[in-house]
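Hey, can you piece these two chains together into the complex? The hints should help.
First to last, the protein sequences are chains A and B.
Using this note's numbering, the first residue of the first sequence is number 64, and each one after it goes up by one.
Using this note's numbering, the first residue of the second sequence is number 333, and each one after it goes up by one.
These are computed hints drawn from the structure, not numbers from a lab.
The reader is advised that the hints may include incorrect statements.
As the list claims (entries may be wrong) - Quick look at which bits of chain A chain B covers, simulated, 3 or more residues with Cβ under 8 Å:
| hint | segment |
| --- | --- |
| 1 | 142-148 |
| 2 | 266-279 |
| 3 | 483-490 |
Note that the structure is predicted; figures quoted are calculated from it, not measured.
Glycine is no exception: its CB is placed at the ideal position from the N, C-alpha and C atoms.
Now for the letters of each chain:
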Amino acid sequence: MSRGQLRPILKDEGSETMTFTAQRKRISSLAGVAVAAILMAGCTPVVSDDGGGSASATPTAGGTLEVAQAGDFQPGQVLATRNGNFAWVRSVFEPLTEFDVDNEPQPVLATEWSFPEDGMSATFTLRDDVTFHSGRQMTAEDVKWTFEKTKDPASASQVGFIAAKFSDIEVTSPTSLTVTFSEKMAPASIFDFLEQTYIVDSETFDGLADGSQIIGTGPYAVSDYSAGVSLTVERNDDWWGEGQYLDSMVFNRVGDSTAQLSALRSGRSQIGYGLSLVDAQGFASDPQFEVLDGGGIIYVLGVDVNQAPFDDVRVRQAIQYGIDRDRINEQVFAGEATVTNLFWAPGAEGTTEEQANHYAYDPDKARELIEEAGATGASVPITVVSLPATQSEYEIIANNLSEIGLVPSAVPVDETTFNSLQNQGDLGPAFLLLHGQVGFGETTMLNSLPSLRADNPSHFDSPEYQELRGDFLTADTDQSGQALSALTDYLLEQAFAVPIVQAPGKFVVSDSVQGLQISKRGAMLFADASLTK
Amino acid sequence: MLRFLLKKLPAVLIVIAATSIIAFLLPRLAPGDPATALAGADATPEQIEAIRQATGLDQPLVVQYFDWIGGVFRGDLGQSYLFNTSVGELILSRLESTLELAALAAIIMIAIGLLLGTLSGSPRSRVSRSILDVINTVMLATPPFLTGLLLILVFGIYWRLLPVSGEVGLIEDPNAGIQYLILPAIALALPQAAVVARLLQTSMLNVRGEDFVDLARAKGASPRRITYRHVLRNSLGATVVVIGLRIGELLGGAIVIEAIFARNGLGQLAVASVQDRDYFVVQALILGAVVIAVAIQLFTEIILAALDPRIRLEA
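Pulled out of the complex, with its shape left as it was, chain B reads as follows (with noise of 0.2 Å):
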């Protein structure tokens, strides 16, 4: 595990060396900068001028990158534009919203997905498999904000049974905090539920016609032990790259479920510093999604390893 590990290291440092670089460069290439964003519409150039220097964005671009990696290194994120914070601290501040609403809708649409892969996949009745599959179609095809804006109108102005709008977070209060998170989660982890589902359902079908399948049953394993025990488990392998890919996609989407569900998280930041050209928060969150991508990456594969024990992360 470790020589699999330094073996990626070199592939990983260059990665996000480049990605530093790309992350600088990709904000300030947008006409306009975090001065004019502070000003506002109706500023004088002198207004905007006395903030660029008060804010040190007259100084030379490689000055400026210096300055910030070097920061990066010592654990300094540098200072938000907009908010004149610390941006570890504002990142922090919005982290927990995020994780929560990936992690709840991870769990969501890993249940679900293998949930309603592993029924796909298993013998049933012609009307039985229809209607899985109506069920997945349709949620494959339903956008996550199609979801949340139904699940808004039934269950928070209709019925009003769950809160709609905002959010607690779970640590400070874990009642009203799964009750704001519930439906956001929902909307945003079917699509990728129904993704997991199908990928499931077709791995498994696929799985069913090999030999030792045959043969587990010829030994008289009873059926549920096959579906289980040889079917399900020789199916997941792809199905958990999947997971990690789509784990990927949860935090992409979160922006829209988060703006939808006025909910303040990475996303949302993301949004308002691309906006206003909050170059310090833009770029600390680009170089930490590729970051979290890789580890997501590496993690997906021991997990693989683990899975299959064809597969040696040494190899």
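One chain only, chain A, in its complex shape (with noise of 0.2 Å):
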């Protein structure tokens, strides 16, 4: 044994080194012979370098279009609008009107229908080819069964109200009947209830609770489901239309905005649904996707009428005053919002740009009137439920508070938290609210809008509003438009709940994607899309 070997490890290293270095070059060659292995070996790639769809004008039948949506499949509630089901409902179930562009209703299920004069009752004539996805026919006892089922609360219809003005449904014929209202009832109404509401099979309703059934008459019929993961469906050879060009689509939930822009950049998904504005808004400028609108979310400052300082109409009105709205559709929306005071459809019948705009930003004013109420100083607690828009949305509220003198908080809560709250009618002092009901027409959203409905969160009522109120919802139709402006008055003055902006939702289309159309509430129109080649 010599000395040599009992050296300190670290003055060893030069030789060791030396004898190691074909060593390691085995082992880097044995790594880089792994990897490619994996990646290699028998692998049939499952991805194209075609880098997209070319943009031909010809429709091709056949084919699997890929959705990727944010929200998730509840198809035990299909009777109420969820967001999860706007993308696959309507090539599922189908309604019995719809409107169109123009705001017009047009037949689906149903072909004619009358309003009597005393607009008391309704009669429909239904097609008489419609048969379920089970195979049976669809008669007027389903569209009657269905209209009962929306009465049920556990149904969450947000057009349940107006199903619980129908004293009597009268099947009069296998494709005809009439409902009678209890109250006098506007046409407008009754199109938005029956846009709303699918009509479900009676046989089978049950299963849609857990999925295990999914049985509508749409021109495509669920062939395989997987509870928050996806929704496949097929084409319903049955169907009393024509188009379906498409073989099958695959609806997949992608909660993360980041993962659905993989999706779509990609080429796994050529359709994306409920990404942010702002990353929609990145596809607008690529030729190969095109960006459409359709439904979307009114978003709301409301405050308690009940809690300081909020029980002064200046200091409400003040707060109105002091957001700088322009700045928020900018920031947060990518100026692809609408900056409105409204509820309502901009440019909805009596009402006035002057109405729209009555809250232009004007920070002196409000500080004037904050001074006025004596609430300089005050603080105030901001309910956020932790989305990034309404997140973003409070960060520039915030900001605008304190150059008028108040001092806004944030109080951050989840979304569940946040509806458990608002229904609760304990959102504190001030809150940020969502509505997704764009596409409503006036009167519905007079009754279901958590902000204007009787039991509101701001705890507003007063004789007047009240009556008000009464006055749109009873008006003939040459008197309407004057009772909401009238009623759109009160609202902006009183300032309990007042819009910031009306933000579209967003589809990302691939150019590989024809035919497809959304309706005016949101819902994605698969019967002539194809995919081209």
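Structure follows, in structure tokens:
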């Protein structure tokens, strides 16, 4: 044994390094081979490097279209408006009528309808060639059963309050029925109800709850459903209509916005629904994609009129004057939203531009009103749901309110907590609301929007409010504009809940998809959709 | 071995019993309940109450707890409020995805960690050592979501070599399944591999200074034999413990990786269940996570004893 062999380890490194050179090469080679083996050995690539679809104008029959959607499927809630159902539900289920882009009701399962002048009933004639995916023929009894189902609070239908006014539904033949109302109803409300209410199969309705039987009458039938993961539909050859170019469609739940971007950019999905407006905007300049609008969300700043300082109407008005809505639109919604102080659709009959921009940004006036009310320095906790858009919205609003002499602070809560607090009427002094009911008519909104309905989270009520609501809800067609205008003036003056913007839902569509339509309410219509090659 | 396991049993049972109570109470501490989530944002109080009654959420908490725990003993984990399906079936349907991801990530973590650790812990030139240190530090400092996004950008969008969105089960289609798994598994494994490598490197450098290594060298053992037979083997004890702990981390990190690669594993199920207050799913996942952690701990102790004869499980 020589002394050299007993040298400290560190001094022995050089010789060992030389000895290990060959071994290191071998290890490197083995690692390389291993990686290559994993990547290459026997693997048929599942992605193609074709760079996306080409813009051919010829619809081609066949193919499978994939949709990436942010919301979760809720087949058990098809009678309610659910974000996770917007993409697929209209392919599988159908309503009696549907509004077109000009806001005119168009026939779907109903062929004709009539409303007597007294406004106390409606008669519908149905198609006689409609069958459910189970093979059973759809009749007026199914329509009656569905209408009655929406009265059940457990259906969570936003238009269930309309069905609650159906005093009688008489089936006069397999293809016709007459609905009698307990009070006078405007046709616009009925058409809102019809569009929202998909006709379901009474025999398999219970199967909707767990998705084991999702039976509708639409152009595509559900062939596979994996809760929270994906829903696959295939062409329904017994459908009454024409079109149906696609063999099948797969709707994948991709909750993360970045993951949706990857799904679209990598070519996995041809349609993305539920991206943030900023992310969707990134596709607007890409020739391989088109960005379509449909439905949307009304963003509202509400206050509790029973809590100081908002028990003073001047403070309520001041905060609305103090909000820079244009800045919110530009920075939070990429300039894609509509800045408005109204809940109604832009240009609703009877409303004016002045009303829509009543609370134009005016920090000086806001400061004056705050000082007049003696509320300078008042603290304003704002309950904010933890969603990217509302959190960004809050940052700007907080900055605006600080400038006019208030002391805002955020009370962040998750979505379920927010909904719970909203339903308990316990959102605190101020709150940022979201209402996904863009596309509904004014009468429906007045009854179903939490901000406006009787048990609103602002706890606002007054005889004058009730009178104005009543005037509008019962107004004849030629007077409804005037009634809506008066009601709108009152809502703006009281300022207990005022919209900030109305932001459209965005659908990012690859140029390989043709014929896709989006309904006014934001549902995707695939009957004429096809994939080009 | 059996005596060792029996001695551990009381502690394990206490941990699981305490976990069941915590798992039951924790989701209920947050405001709102599954009825609120099911009814949606614009629901009326009447609609929420109707759903609450239909789902049994109006029962007293004690009744709900004993109903649940009784079901667990019978193998029934309850019914998901959100999906209206058996929690056991729901978890099983997502289990394959997470297990495949965690298993491949664990293999990559062990392979890269041991390779990098052994190379770094072996005598080599200053330049080589610096390069290995830089690689290790970069891997350690880059969080999985960033690695994931870079991999998506390079291999999924720019070159389109591998799928970066969705999944196919390995059992269903091994060819496609492995391609869907490679990138998320690498993204998940790299930071953990760096930890394993760093620990192994430090351990090997310490062991190399031990007398028995000098003795082996004096007896004429080759450098290769010294490294692999003496230094590496005696350095692996602590590494095995860390690998056991890191597998738990892999499961935790899978939540983020599943989200950005659009995989529907247990991580995504857990996030959705917490958001929507799907109590039974959350309870089952918490209980399951604790049982797995306990099992991994026991398994690690057994491996340690196998590696080092001085450790006896009965001791």
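Task: Structure versus earlier hints, numbers of those that do not hold, lowest first - done: none
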